[in-house]
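Novice: Chains A and S, in that order, are what the protein sequence lines are.
The opening position of the first sequence corresponds to residue 1 in the numbering used here, with each subsequent residue numbered one higher.
The opening position of the second sequence corresponds to residue 393 in the numbering used here, with each subsequent residue numbered one higher.
Since the hints were derived computationally from the structure, they do not count as laboratory data.
Glycine included, C-beta positions come from ideal geometry on N, C-alpha and C.
Check the hints yourself; a few may be wrong.
Claimed, not checked - Partial list, derived from the structure: chain S residues whose beta carbon lies under 8 Å from chain A:
#: 1; residue: T486
#: 2; residue: D522
#: 3; residue: T679
#: 4; residue: V683
#: 5; residue: G685
#: 6; residue: A688
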Amino acid sequence: MAEKNLGAEPRATVSLREGESRPTLLRRRRARPDRHSRKRVAFMHYGYYDVAFQYFTEHVLDADYVRMPAPTRRTLEIGSEHSNDYVCAPFKHILGDYVEALEAGANVLVQFTGYCRLTYYGELQEMILRDMGYDDFEMLNFSFVSGRPFKDYVAYCKKVVNPNLSVAAGVANMLVLLRMVKHLDAYNDYYLANAGFEVEPRSFERAREAFFEDMRCCSTMADVDQAFRRGMDALRALPTSKPERPVRVGIVGESFTAADPASNLEIERKLLSMRVELARTLNITNFILRYSEENARRSAAPYVTYDMGPTSSLTISAAKRYIEEGFDGVVHVKSSGCTPEIDCMPPLQRLARDYRAPILFLTYDSQTSDTGLDTRLEAFYDMLAMRKERTI
Amino acid sequence: MTRSTGAPERAFLGVDTGSISTKGVVTDARGTILARSYLWTEGAPTDAARRVVDELAAQLDRERYEVVAVGTTGSARRLVGAMLGAQVVKNEITAHAVGTTFLHPDVRTILEIGGQDSKIICVEGGVAVDYAMNTLCAAGTGSFLSSQAHRLGVEVEEFGDIAATSEHPANIAARCTVFAESDLVHKLQVGYEKRDVIAGLCRAVATNYLNNVAKGKRVEAPVVFQGGVSKNSGVVRAFEDELGMEVLVDADGHLMGAFGAALLAADAPESQRRPFAWDVDDFEFRTREVVCGRCANHCEVVCVYRDDELIDSWGNRCDRGAVRPRARA
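Okay, chain A solo, but in the shape it has when bound (with noise of 0.2 Å):
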């Protein structure tokens, strides 16, 4: 051996470097590649629910999102000038916050899926924006995938939004969102129970702006507990002054418009200014998470028999309840042309006169002038509070 390595090259060699020694470097473990996706995804404005949207984007899609101001009139004026006239107004609104995204940036749009035409309106919205001119998009619409299996959502999300993302951590993140949505919804329904008797004006309003930037902070489940009891003890802590036997009304209708403040010009906060005690049973946990059709549909007999679309058997079982629990008064909120809560008005008017509780009916289009509503909201506050002073 030692012949045959005669003359040949030493196989290794040490060679002293002068000055200062390094430190032995250890070989790293090998880094994780990114996977994060740099598709800028925004949805429509719906309620509160930007939080949850944002925790979805940048927790679950993991890609960047796109967060749009509140809407204006100039959203809706988008909205309904490339709309057909005869769309509900969510369409409208919608696709007036799609093209504010388009302009702010935004490159995946997304869009869910229902029982009614909200089905078509992802395929139909898409259409319109690139008929528009709109090219540099896409859509994530959940109604292509809507009931297949679940890994036909991760794929099509792969496919659309990000090709790396992680089954493991989306799924484990997805849980957190569904927590967090609970929480807004837990906490939206104390607040539109105490906000009206508010001792100092806007008050809760602040409160609930600082809630939402702190769930907005939110990664991990525990951060979305902890935020949510952190909001929960600001609201209650804040002076209220609620009457004996406070005005009590319940909100039902349909899921968009009933939701959203910019689609329904802000009933909500108009009853509170009225000093109203308010509730709302239909919010993403009770129709999407916790929802059982026949449950609601049972709860409603004998006034519904069959499920008749989307939110009709909670729209009915939800104003039934209110009356039943004493509530003074029901709010039916809908879109012009909403052809499920229209079958819902026959039903609910025979829950008024059977329970001789009044139910105000209120039917929303793309107007801009609040004068009309406001007549009607105060006529129906009068009505309810001289009918509650004169029955003790």
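Dock chain S against chain A, hints included.
Specialist: Then chain S, alone, in the frame of chain A:
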């Protein structure tokens, strides 16, 4: 109650500024109407309110009565309220309910058809328990009737008498103003008599009202019918036929909103009472629309000026667009 010599009795002013007509009444503390006025708004609510106040001032014994509180209602309630310094600014539904239940304590259903809107108020035990108002369109209201009267070349005031002479009212669809109009033209061209068409029109107003505004509401006697259209005996008869019950029309039915506003003003807290100066003629009232540029909502803020002093403003959706008048000295 004996009146102490010298001290004037208290009275209350109510003004109802609707889209077509402006109504005003002065009542005393017992709710008796002391002065009444009814005239056309003519698209100028401030001017109409000024004329109403002048008419009332001429009718009222101002030595004996002193107006201590003002209530306004109707679609221009806020503007006229600012102008008259009203203590109470109430919506027309409440005002009508309050006024009617005062005069007819046993009323169960109030039908009201005005110039632009129509409503039904259900009353139980003197308290409104349910109401509905027309949505989206003005078919079958006063302005529709007067435009059709114009087309037929008769005065809308004569409608009732002409309709009474008809034996076979024409069948006219009044669900939508546009359809009703083409139906009406068609009937005339086919050769229907004018009186039959007019009677059909009155009938159509009543059925349209019952099928739309009053849909789902139980109409129970006693029924009171008010608003400008209640002066049309043809429509009253059509309602009686459709409902199969008597429909009461008050001589002051068209003033009921103003009357209700006066009653509400009388109910306002004592501390807010202030003698009404009858000086609206001495000031010039101006409104100015300002487009708020603080965000993309571009709210149109309406500012009301008395001479050059800002007295009220509205139209802003948030506090950023608030324009506040200087506190009264």
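Novice: Would the hint on D522(S) be counted as holding, given a Cβ-Cβ threshold of 8 Å to chain A?
Specialist: This hint holds: D522(S) lies near chain A, its Cβ roughly 4 Å from the closest one there, short of 8 Å.
Novice: Against chain A, is T486(S) within 8 Å by beta-carbon distance?
Specialist: Hint on T486(S): holds, closest Cβ of chain A at ~4 Å, below 8 Å.
Novice: Would the stated hint for A688(S) survive a check requiring a Cβ distance to chain A of less than 8 Å?
Specialist: Hint on A688(S): holds, closest Cβ of chain A at ~4 Å, below 8 Å.
Novice: Tell me if T679(S) is really an interface residue toward chain A, meaning its C-beta lies closer than 8 Å to one of theirs.
Specialist: 15 Å, violated
Novice: Hint V683(S) vs chain A: min CB-CB distance below 8 Å?
Specialist: 11 Å, violated
Novice: Under 8 Å, Cβ to Cβ, is where G685(S) needs to be relative to chain A, so tell me if that hint holds or is violated.
Specialist: This hint is violated: G685(S) lies away from chain A, its Cβ roughly 12 Å from the closest one there, beyond 8 Å.
When held up to the earlier numbered hints, the structure conflicts with 3, 4 and 5 and fits the remainder.
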